[in-house]
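Engineer: As a plain string of letters, each chain reads:
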Amino acid sequence: MMRRWQLLAILLPGIAIAWQSTQTGQELQFRAAGVMVALPQGWHYDSSRRSITASRDGPLLDSITMSFASHREAFAAAHRKSGVDVVPEDLAESYVANLQAGPAATHAVRLLSSEPAELAGRPAFRVHLRYIANEPIEDVEMEEITVGTAMEDGLLLVTYRAPSIHYFGTYRPDFEATVRQIDLPGKPGRR
Amino acid sequence: MAICRSSRFQRAARSVWLAAIVALAAGSSQAAHAGLSEAQQRERILFEAREQEQQIAVGGFLYGEPALDAYLQAIMDRLYPDRRGDFHVHVLRNTDVNAFADVTGSVYFNAGTFLRVRNEAELASILAHEGGHLVADHVYRQRLQDKSAMGAKILLGSLGLLIAQLQVTSYSRDLESAADKIAIERLTAAGYDPKAAATVFERRAREVKERKIKEPPGFIRLLYADHPQLLDRARNTSELAANAPPGELRRDEFLAATHAVRLATLNVIHEQRDGLALIALLEDEGQTAEFAPAGEFLLGEGFRLRDLAGDEDRALAHYDQSILSHPEFAPAFAARGKLLDRRGERERAASDLAHFLELDPGAEEAAFARQSLDRLRKEQSP
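Residue numbers (the working numbering), protein chains in the order written: chain A, 1 to 191; chain B, 1 to 382.
Bear in mind the hints are in silico, worked out from the structure with no lab data behind them. Here the structure is a predicted model, which is why all the values come from computation and not from measurement. Don't take each hint at face value.
Covered, in the sense of this in silico footprint (three residues per stretch, anywhere, with C-beta under 8 Å from a C-beta of chain A), are these stretches of chain B [stated by the list, open to error]:
hint, segment
1, 267-273
2, 348-359
Each pair of labels, with its calculated beta carbon distance range [said to hold, decoys possible]:
hint, chain 1, residue 1, chain 2, residue 2, range
3, A, 84, B, 325, 34 to 40 Å
4, A, 72, B, 379, 23 to 29 Å
5, B, 84, A, 173, 54 to 60 Å
Every residue, glycine too, gets a C-beta built ideally from N, C-alpha and C.
This is chain A alone, in the form it adopts within the complex:
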């Protein structure tokens, strides 16, 4: 299986052309998960049927990725179960296990925290990880926060990833604001 970063490297020229700037007050519909998202102002984004990726300075330096996978595919690498009946704690454990079992783009992964959260008004998990990237930039310490919730027909994940030095702390508030604003369309009271 082609590694995520290899795929990114091949697609990078196309991405550079395809990416669009976020506009003030703009909300995007993520059809796969049936949710709306307001990306941070001044970021650029690209979307596909199953994911939306946004970045401010380039995806290797900071990225917010929103993805949706069917329950069958969600933790395929770790052979773990996902489903709307699986509690967030088990989803968190499976997410980390799946990350470890997938293609080796990282090593020395440290789980900094795993706790309950809310995403799109649903019970969710939030894991905070730190690891050393093997590629495309070798030996860079990266951090990642992933918030995830099981929906009726798939797993919704929102991931913020950036180098620990400078970038992670700088743009984390943008990520937190994005997560807070992810919601179901048409829900009363939503911004």
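Model the placement of chain B on the given structure of chain A, informed by the hints.
Structural biologist: Relative to chain A, chain B alone:
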């Protein structure tokens, strides 16, 4: 909480990365060694090895427990009193089983290896083996051989590497046999039971089979990962030790000196969510009692994580045993509560989670436990 990637091949490959660095560094400087005298080559290799040791030291790879290092050093000095001061033992933060020696006289010993031995004689057999490589100058010769293999790759491409690999593998097996022979002699002379060496290989062979561990393909072989070879070595060392007088095992001394590192390593394996390893390490020979109160809980976790048919019941039985033996041990209540929740036994699940939160309200998993408890109470209320 260190977590490593869990596929068997990736883990095996990573566990020898240090050796791979040594080999690659050696290969890259192959051309620079052409035309050097043996003394100059030796000096050069020593210089490279010292630089790599520096990287290991500053890279955070050492376990860094002085009392543990001193315990291993004392065993090494007992085995090689004539080389006192020449060999230096260091423990690496690595949950896999491995040990290797370098030309500097350093012997590196993975923390995970402590979990695969049961007494000081078995531990000494591994140190004696690595010391055997050093006294017989194997490490220097192996480094030269590695350089030839890398040189062949440069000159001949993949075919050259394949031929060189076969030579290296064959050469290494000879060296391993020679080091095993020295180890038996040293164990006997030091008053340890030399039959302990065969026991280490037999136990490791069982683990390799149970966990379906595969030796990584490629240039560097993972020590103690080749199942047929382990059985061969068990047979060979058994034959070598057949006529030797019985010696000491020093089980109590081993257990006392290594308890902390073994428990810490088990907890890292649990954090890695490696259920197969937990089962292999704890199901055998009543190991759970040694790690009380955590032992039964960790074995239960092993079954929960493996998740084969019947494993949920096995996990529950071990959580029950843990709670029965140590009713103050909070993690077992959390684990049993979660499992009962999954099985729909809400009342018992809520009771366990509430008790867990009473025992350890600040635990890492307390937030999830509170969330589950709130949900269970809502579901229970009319």
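Engineer: Against this structure, judge whether each hint is valid.
Structural biologist: Comparing the hints with the structure gives:
1. Residues of the segment 267-273 of chain B lying with their CB closer than 8 Å to a CB of chain A number 3, which satisfies the three-residue condition for coverage.
2. Coverage of a stretch by a chain is defined here by at least three residues with a beta carbon nearer than 8 Å to that chain's beta carbons; for the segment 348-359 of chain B and chain A the count is 0, and the condition is violated.
3. Checked against the given bound of 34 to 40 Å, the beta carbons of residue 84/A and residue 325/B, roughly 37 Å apart, stay inside it.
4. Between residue 72/A and residue 379/B the beta carbons are some 27 Å apart, a value that agrees with the proposed interval 23 to 29 Å.
5. The supplied range of 54 to 60 Å is met by residue 84/B and residue 173/A, whose beta-carbon atoms lie about 59 Å from each other.
This entry does not satisfy hint 2, going by the numbered hints stated previously; all others are met.
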